[in-house]
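J.: This is what each chain is made of:
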Amino acid sequence: MGKAIGQAIKRKEDPRLITGQAKYLDDIQLPGMVHAAVLRSPYAHAKINSIDTSEAESLPGVVGVFTGKDFADLNPLPCAWQAGGVNNNANTPRTLEIDKVTFTGAGVAVVVAESRYIAEDALALIHVDYEVLPVVVDAKKATEPGAPQLHENAPNNICMEWSCGDEAATDQALADADVVIKQSLRNQRLIPTPMEPRGAIGVFSPVAEDYTVYMTSQAPHVMRLLMTAFVFGIPENKLRCISPQVGGGFGAKIFLYPEYCMVAAVSKKLGGLPVKWMETRRENYIATTHGRDHVTEFEVAAKNDGTITGLKVETYANLGGTLSTIAGGIPTTLYGRLLSGVYKFPNIYCKVYGTYTNTGMVDAYRGAGRPEASYLVERAIDLVAQKLNMDPAEVRRVNYIPPEAFPYAPASNILNGLKYDSGEYEGALNKALELVDYKNLRQEQAAAREAGRLMGIGFSSYVEICGVAPSAWIGLNGEGWGAGLWESANVRVHLTGQVVVTTGSQSHGQGHETTMAQIAADLLGMDVADVRVEHSDTLGTPFGYGTYGSRSAAVGGVAIHNSVQKIIEKAKKIGAHMLEAAPEDVTFEDGKVFVKGSPDKAKTIQEVALAAAVAYDLPEGTEPFLDDTTYYDPPNCTYPFGTHVCIVEVDKDTGHVAIKRYLAVDDVGKKINPLIVDGQIHGGVVQGLAQGLWEGAVYDDNGQLVSGSLMDYALPKAHFLPMIETDSTETPSPVNPLGIKGAGEAGTIASAQAVVNAVVDALAPYGITHLDMPLTSQKVWEAIHSSGNGRE
Amino acid sequence: MAEITVTVNGKSYTRDVEPRMLLVHFIRDVLGLTGTNIGCETSVCGACTILMDGQAIKSCTQLAVQADGSSLTTIEGLASNGDLHPVQEGFWEKHGLQCGYCTPGMIMASVDLLQSNANPTEDEIRHGLEGNLCRCTGYHNIVKAVQYAAEKMQGGN
Amino acid sequence: MYPAKFDYYRAASVQEAIQLLQDHEDAKLLAGGHSLIPAMKLRLAQPPAIIDIGRIAELKGVSHDNGSIKIGALTVHADVAASNVLKSNCPLLAEAASNVGDRQVRHKGTIGGNIAHADPASDMPAAILALGGTIHLIGPSGSRQVAAADFFIDLLATDLHEDELLTAIEVPAQSGKTGSCYLKFEHPASGYAVCGAAAVVTLNDDGACAGASLCFNGVTATPHNASAVTDALVGQALDDAAIDKAVDANLSISDPMGDMHASGPYRIELAKTFAKRALKLARDRA
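Read top to bottom, the protein sequences are chains R, A and P.
The opening position of the first sequence corresponds to residue 673 in my numbering, with each subsequent residue numbered one higher.
The opening position of the second sequence corresponds to residue 9 in my numbering, with each subsequent residue numbered one higher.
The opening position of the third sequence corresponds to residue 272 in my numbering, with each subsequent residue numbered one higher.
Just so you know, the hints here were simulated from the structure itself, not pulled from any lab data.
Treat each hint with caution, since some may be false.
[What the hints assert, rightly or not] Listed below are several chain P residues computed to face chain A (Cβ distance under 8 Å; list not exhaustive):
hint : residue
1    : M272
2    : K276
3    : H305
4    : P309
5    : A310
6    : R314
7    : L315
8    : Q317
9    : G372
[As the list claims (entries may be wrong)] Heads up, simulated PhoX-like pairs for lysine-lysine below, C-alpha to C-alpha not over 25 Å straight-line:
hint : chain 1 : residue 1 : chain 2 : residue 2
10   : R       : K1451     : P       : K448
11   : R       : K1091     : R       : K1342
12   : R       : K682      : A       : K160
13   : R       : K684      : R       : K1245
14   : R       : K684      : A       : K152
15   : A       : K152      : R       : K1332
16   : R       : K675      : R       : K1273
17   : R       : K854      : R       : K1451
18   : A       : K19       : R       : K682
19   : P       : K341      : P       : K331
20   : R       : K1023     : R       : K941
21   : R       : K1264     : R       : K1245
22   : P       : K448      : P       : K516
23   : R       : K975      : R       : K741
24   : R       : K695      : A       : K19
25   : A       : K19       : R       : K684
26   : R       : K975      : R       : K910
27   : R       : K684      : R       : K695
28   : R       : K1273     : R       : K1245
29   : R       : K813      : R       : K854
30   : R       : K719      : R       : K772
In this text the structure is predicted, and so the values were computed from the model without any measurement.
Glycine residues also receive a C-beta, built at the ideal position from the N, C-alpha and C atoms.
With the hints as extra help, turn the sequences into a complete structure.
T.: Structural data, given as structure tokens:
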């Protein structure tokens, strides 16, 4: 490798971001642009009898008012991951709903006006006759007799039933165990809250009869595919999708949403006027997807020495009122199959019911299924430790998959021959214990308890499936993903020696323009400044599946690597010709082609690029230009892992939890840019801590989102947090030539259970063994004071 | 409509505005200075933070008419003669941003913080930025960025 | 995010503001805007007319005269928090103001607007009540003064009449061996007080309690005055045990607010804890 990979260089994208010059969706102004506002259902479950738009239409400044009936020719949005037998009961949203709504916030009409202010005025003038229906919001209660039924084709509101593992063997393990612990838990609903809400601008060209849609998307190519092939029924080349600067996504911007279709369809109705819709935060909370929301019961079986012999899980996963794009895959493939964690559990069985409720759609949110699995596994470990009065670190140690067991096939069966690639789990634990000085820490805790203070230490050892994914695995019949998950890259070395990399993945904060440039520059022996990375426009970039599942480096980055390798091979051929040497006699090192052993007489990659571009003297049969495209389908996923330690102190008078220290030891394989990797870890950790302590979406019994604003939904603020200590071990992934594993979700997958385990550890003197997230001050205080020995 | 005159980044503008227009919409949509972002409507997130007469405010919680006669600084006006402000430099050096959406507001709030407290402790930085939300960084590198700027503004390196 | 239409009037003087209020039914006064504009953005408030009083210079500033401190209604929280007059003579008010919102909000939000809005979770009402403050009001029939204890009537409801303007808050300057403290348990999302405790303690030369007051924000619909607690403290030597005992024995709140964030019983428990902590800090500062 060269000099660019592994360097903590400053980001190339930052100058425009720190000076206010970046163009996010709402910053785009097009000539003649009009503004849309969506009328959303105030009811969680209702039939739409009629909609009267006449008064709104007559308001000065209003350009048009449309309802679902105006777009009846458009198909419902597709469900692209129909896991667990979802087929004829995939109820998905429409561009605007026509007959009924199944959650508060579903769009029923749209006003287009000269300004957004006028459009909002007109919303109040639309009269909808709703027939209000009974409501159910809880994933499990929705399946009980007598619950309101949301969709005729989904009896008992069950959208899907899915299982993995061996039920009989797991039951036997439970029967044979020294101890069995049964626990119910909730993994609460979260609101992703990227700081930039969603938005879209649709432009129809009446002349070309095609569409351009700007959208806040993590996957513009996939959006084009889904909109054209499934919703509009037009060829792909009739739609261009552009993601401009995107202000965070965390999963919520992966999916196809009604509004992206709406702006395109409305622009066509209006003869090609550009139509902008920008989400308010209130809309973002009720109409953009949420994450998690599991109701679970599990049993864990163990021997008296702490060895876990079985794990049996039953989960009701709330999917919301309609199905989002990949909703089915999250609580199944990405959850159940991860329930072995970093441990050699011999028996696992997981049953999942995905259910419809009168709540907003639930889909992938940072980690997507894997945090839910990891949380459950790590709580189970601590429950076993507490029950057996063992040190939680030791229970982890005795259950780790040992290094010699890789590649390892967990009992949760990650399918189709897929195995954990590599790992040194105990190494990460040992490093973490050393860095926190564990022995002293326990003494400190004992002293604190003696002094009446509640200090707690929590662990989390995790593994995640990243670098999604081999197409043959993810697309396997039965898991229901209808496509591959390879990634693309085109690399061109222009005649000036400047390199342009185009990628099918999409950057919304991850720093691709820097890290991908580092990969290309490193291999080509060039300066990072000479490599430009372009992405996020279906015109001009090869098809790609987008950015999620910690896949951009581990899959997209490898596609760049492979393209560069092919370019180097061609450069060697041309360079040899220029040096009048035989191709097999030359080598490429440090940006130069030279005859082996004679580096003094070399042709730089820039000289070769010029020769290749002007092309008047190329070896016979060689095409001009250094240009190559790769479609890289990974042979396996990657499996980052690590151990995190969280230290808390609980104020027993108020229940307030203070995070005193947080240490993350992660193994993300080879790091392209440690600065960016650390940033990903910091942010990921804090999102998990936020689930542990503060965040939780709450619907009332009428299906109203009561945590509907940032005044109610507690996003972490700077003063809630300590500095996040990071360290790492480095086990290069054998899956790809760069040794990359992925880092985008690791922090989130690890951290919620670390803080929950720490709080439960702090509360152990009160006999408390479990509390459901978020561990709000009130909840902790109530736990202490209802424990029987809370009052002294 | 009401006529207002404001100075933004040193340049005077006189415009007719609807009284209900929020200052942030005036800055973004009337003046075309789109560096100031909007992240909520409840005055919590701070993405819209600008300086008004030298002090940080949330421009989503002001009417444009209230700003009549005032002098505003937005993110576009922070660098001088092409030189980044030390706070901007700190955010770049310390990787204090990822998606960048909260960044203009975060930078303006940090500038204000350092005006009133040139050498803040970590705790003072964290509390000083309680009016600004970031979803990407976990604030770790934002704290470092402000520390970098504080040091630089006091003549350090 | 997009307020409804309204007519806009800018008042150059208090008299003009009063006249405008009479001329425009259901008009709302706009000072810093930090209570009104958020409600208008969500269209929870759609006043037909707005009277902008934000530029009336006579309503701004802190003055100290003859043992009494007057804070103009338009004085922003940041200026209250930074006021040397207040820091020296009435630090409780400065401390409470430094807890309001965030630095951006404190640069625009005004003390008068805050008090007039009477959000029970705001930081200022309990401090003003604990100080025995007076609210100055003016209307078409002249000016009047209302004791803070009488001003807060109910949730978001005060004795400020629709045709009146709040002009100032007056509090007595601290005297003798007095200490004060404002402590709050903040809501993690909004930053508002789930429970805010404002305590003032005056000691005799011998260290015994000569007088005290203790009021809460966030616990009840109007700021709660725990006079039974402070009555019990007078004359006592204020060691920690005496404070704990007085609070435990005498703090009685019968009508706490409760919501998804904090139940009534939890708020009462927070009040007990914060009462003890605030009284002890006030004592230490005396």
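J.: If a hint holds in the structure, say so; if it does not, say that too.
T.: Structure-based check of each hint:
1. About 4 Å separates the beta-carbon of P/M272 from the nearest beta-carbon of chain A, less than 8 Å, and the hint is met.
2. The interface hint given for P/K276 is met, as the beta carbon of that residue sits about 6 Å from the closest beta carbon of chain A, less than 8 Å.
3. Hint status for P/H305: holds, given a least beta-carbon distance of 6 Å to chain A, under 8 Å.
4. A hinted interface residue such as P/P309 counts as satisfied when its beta carbon comes closer than 8 Å to some beta carbon of chain A; here the least separation is about 5 Å, so the hint holds.
5. With its C-beta approaching chain A no nearer than about 10 Å, P/A310 sits outside the 8 Å limit, and its interface hint is violated.
6. Interface restraint check for P/R314: the shortest CB-CB distance to chain A comes to about 10 Å, outside 8 Å, so the restraint is violated.
7. Interface hint status for P/L315: violated, as the beta-carbon distance to the closest one in chain A is roughly 11 Å, over 8 Å.
8. A cut of 8 Å between beta carbons decides the hint on P/Q317: the least distance to chain A is about 10 Å, and the hint is violated.
9. Here the hint on P/G372 is kept, as its CB sits about 7 Å from the closest CB of chain A, short of 8 Å.
10. The hinted pair formed by R/K1451 and P/K448 fails the criterion: a straight-line CA distance of about 40 Å is larger than 25 Å.
11. Taking the CA atoms of R/K1091 and R/K1342, the gap is about 20 Å. The hint holds against a cut of 25 Å.
12. With a C-alpha separation of about 18 Å, the suggested pair R/K682 and A/K160 falls inside the 25 Å cut-off, and the hint holds.
13. Proposed proximity of R/K684 and R/K1245 is contradicted: the alpha carbons are some 32 Å apart, above 25 Å.
14. As the CA atoms of R/K684 and A/K152 are separated by approximately 19 Å, the hinted pair is consistent with the 25 Å bound.
15. Distance restraint check for A/K152 and R/K1332: the Cα-Cα separation of roughly 18 Å lies within the 25 Å cut-off, and the hinted pair is therefore satisfied.
16. Taking the CA atoms of R/K675 and R/K1273, the gap is near 22 Å; set against the 25 Å cutoff, the hint holds.
17. Straight-line distance between C-alpha atoms of R/K854 and R/K1451 comes to about 21 Å, which keeps the hinted pair within the 25 Å bound.
18. Restraint check for A/K19 and R/K682: not satisfied, since their Cα atoms lie roughly 32 Å apart, outside the 25 Å limit.
19. About 10 Å separates the Cα atoms of P/K341 and P/K331, which keeps this hinted pair within 25 Å; it holds.
20. Note on R/K1023 and R/K941: the hinted pairing is violated, with a Cα-Cα distance of about 47 Å set against a maximum of 25 Å.
21. Restraint check: the Cα-Cα separation between R/K1264 and R/K1245 comes to about 12 Å, which is no more than 25 Å; the hinted pair holds.
22. This hinted pair checks out: P/K448 and P/K516 have alpha carbons roughly 23 Å apart, not beyond 25 Å.
23. Proximity of R/K975 to R/K741 is assessed by CA-CA distance (about 62 Å); at most 25 Å being required, the pair is judged violated.
24. Restraint check for R/K695 and A/K19: the C-alpha separation of about 22 Å stays at or below 25 Å, so the hint holds.
25. Of the pairs offered as hints, the one joining A/K19 and R/K684 is violated, with about 30 Å between alpha carbons and a cut-off of 25 Å exceeded.
26. A distance of roughly 62 Å separates the Cα atoms of R/K975 and R/K910; the hinted pair therefore is violated under the 25 Å criterion.
27. Restraint check for R/K684 and R/K695: satisfied, since their Cα atoms lie roughly 16 Å apart, inside the 25 Å limit.
28. With a CA separation close to 16 Å, the supplied pair R/K1273 and R/K1245 stays within the 25 Å bound.
29. Between R/K813 and R/K854 the CA atoms are separated by roughly 20 Å; this keeps the pair inside 25 Å, and the hint holds.
30. Our distance criterion of 25 Å between C-alpha atoms is met by R/K719 and R/K772, whose separation comes to about 4 Å.
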